[in-house]
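Protein sequences, first through last, are from chains C and W.
Here the first sequence stands for residues 1 to 434, numbered as in this note's numbering.
Here the second sequence stands for residues 1 to 434, numbered as in this note's numbering.
Keep in mind that the hints were calculated from the coordinates and are not lab data.
From the three backbone atoms N, C-alpha and C, an ideal C-beta is built for every residue, glycine too.
Check the hints yourself; a few may be wrong.
Stated by the list, open to error - Which stretches of chain W does chain C cover? Using the computed rule of at least three CB atoms under 8 Å from a CB of chain C, they are: (1) 25-39; (2) 387-396; (3) 412-424.
There are 2 protein chains.
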Amino acid sequence: MIANASRTERADAHDIGDVAAYMTTLGQAARAAATQMRRASTSDKNRALLAMADHLARRRDEVLAANAADLVRGRETGLDTALLDRLALDEARFDAMIEGLHQVAGLPDPVGEIDGLRSRPSGIQVGQMRVPLGVIGIVYESRPNVTLEAASLCLKSGNACILRGGSEARDANAAIATCIREGLLEAGLPGAAVQVVATTDRAAVGHLISMPEYVDVIIPRGGKSLIERISREARVPVIKHLDGVCHVYVDATADFDKALAIAVNAKTQRYGTCNTMETLLLDAPVADTLLPKLAAAYAEHGVALRGCERTQAILGGIAAATEEDWHAEYLAPILAIRVVDGIEAAIEHIERYGSHHTDAIVTEHYGLARRFMAEVDSSSVMVNASTRFADGFEYGLGAEIGISTDKLHARGPVGLEGLTTRKYIVLGDGQVRQ
Amino acid sequence: MIANASRTERADAHDIGDVAAYMTTLGQAARAAATQMRRASTSDKNRALLAMADHLARRRDEVLAANAADLVRGRETGLDTALLDRLALDEARFDAMIEGLHQVAGLPDPVGEIDGLRSRPSGIQVGQMRVPLGVIGIVYESRPNVTLEAASLCLKSGNACILRGGSEARDANAAIATCIREGLLEAGLPGAAVQVVATTDRAAVGHLISMPEYVDVIIPRGGKSLIERISREARVPVIKHLDGVCHVYVDATADFDKALAIAVNAKTQRYGTCNTMETLLLDAPVADTLLPKLAAAYAEHGVALRGCERTQAILGGIAAATEEDWHAEYLAPILAIRVVDGIEAAIEHIERYGSHHTDAIVTEHYGLARRFMAEVDSSSVMVNASTRFADGFEYGLGAEIGISTDKLHARGPVGLEGLTTRKYIVLGDGQVRQ
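One chain only, chain C, in its complex shape:
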């Protein structure tokens, strides 16, 4: 975590010396490993993943002890409870890490897939082959299990990666890195296919995001300020995930029960996730009947409501929503509610205040459903479903490295495919251009 790195720098066990030279060394090794990984067979990659799981199981006590040391240091340096919770590896999280490796091994390998091979009038056949991106740099914060998750997804998609975890998780990350390396070598793959940056010097991130010759893409995972800083300073393309200001719009033709279930689930199923609804938009004709029922349901969950004037008039006794509320990603049991006049106004609100992450309409009107899908410019657009479904696992990607709010390359949940690209292949029999 960039902002916190300095506070643990003095505790850094690894004396790297010249950070720029060190990062260049990692970059060169990663580039060389990427060339080997590009040609790695699916079975070798799966063998490495399963070997990592074995080594992790074998070194369970060691990894947990390293994590315990991180936690002690974290308490000493005054990390807050939420951060300490993300940092902690209990038995269940440890088992989930091992299980995750087995799951990634079981996923289909996207590399080498050829699409749309078609014959052209010239006699050549043209298609597109899915290939690894090359070297992926991942910058993340406290959770040590991300080290394994990121490594396994980059490996399965045939990429080399350089992982820069939070300094808080230093010891656990180093122990996990050992297991990863053992797994790679056991399968005959280059150890440098996964490199964990062994310095907590914050300058390391600056170098990592400025080496286009060695790094093809950067994926930051963490808070908004980390992602914004990396996006601003990177000289390498960034697959990024900013806010999730998600909306549910309930149209006048909506089924009452579906609307109630979706509006409650989208807000209350989990508060801290990016696909949680932050603003509820209600078409005027349904507001009178739906709002009291919704208010009762939200009250049961302890959700505080902030409404527009029309919402306040119907419900009474709730806080006024300000301009700031329409922009807010609360990540908390707070909900902004606005009564609007029809789909046009709803789409305008979403366009103006939303973050193009996930937005849903609840309607039984065929034409409005189609219109909402076509016109709402978000990475996920839903009809009669909870925004909470915007997730790589729920979408069937098998895994998720993050959710992209970018428009280029990967948009929405990013799985193995998002870590690959497609090149053209041309098959001929001696054709030349006339």
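Put chain W on the given structure of chain C with help from the hints.
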């Protein structure tokens, strides 16, 4: 053209005043137009394209007169012959512009296409819908026909665009912009869907590439220095096309006639294009027999050869290739030749010196063909075909806005699809997440 803008600035007929404010105005108008374009029907977009063609035909004399004025000014300001040639619109080029509009109208509309709609265990259906990128900024140099090409492709793919052409083509671009606007309005589409920047002040480009709130992607078309500068300074994603240092590798098992035909065609069919071969790699066993035949063929075309020591030993009397030659994009009747020992050395050479644009192998060996395809990390990889085929029309894209040497988003020739992105759509019947 950034580098040359200042020299014609004083001749600028349009007094824009505050360039930053002007570009912001264009950006806001484009963003609003993009919202309308996103919902434009295929038939409205096609009607606009055909109306543009009609208006262009009607205003033929006017556009040609404007181009003549550009040419007079160009000669006065000392533009070189190559630049003047690119600038000139003769009758044939004018007809091609009109024909191009008809062709784009005939292409399938990629917008709205839904892929892979699948049911998930939760009961939701998940798929991906192809949608416009939004606002595309295009920066290009002297050719006025690019104005129409870029506008037609952005329009058909449902995007709004801001076009910044070369100051040399100022008058023709303005006349063409009038026809474009007439066509848009006639089809009921917003005039701001295509805006041609009406100032030659070089600061306009700086603003255009720094407005992520109004511009979703920048496509620079032009010389390497223009593209490098824009890539370096842009705060918006760039779809870029840098060098084409393309290779043909002739393997020992290659069919002699195919090798000869491809090696000659890839170099001599056109010299100034990015998919022209710049370095020929020959597997040692074929060098002795193939090189003299090749040398004779190249001599007929007036191609100057520069060879490695082994090539020099076989041919005699040709210049030595230096380290610089292996990196060179000649765009001229010059060819570097190197004798290598097998595919491993060939791939290493391509990896080290190539530009990841287009590379071909000539071979009859099945396993080597597969290996070359899998391991060469270029936007187009070919077996037994001339590198000159790397082109949107030859690939069947129907049109081409450029060839991307980036790995993310679009790689290789970029057609209508490359100007779109895919968002997830979720169809449910009231599903909520458990």
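Consistency of the hints with the structure:
1. Requiring three or more residues with a Cβ within less than 8 Å of a Cβ of chain C, the coverage given for the segment 25-39 of chain W holds, as 3 such residues are present.
2. Using a Cβ-Cβ cut-off of 8 Å, 6 residues of the segment 387-396 of chain W lie near chain C, which meets the minimum of three, so the contact claim holds.
3. Figure legend: the segment 412-424 of chain W, annotated as covered by chain C; annotation consistent (6 residues with Cβ-Cβ distances under 8 Å, at least 3 required).
Violated hints: none; the structure is consistent with every hint.
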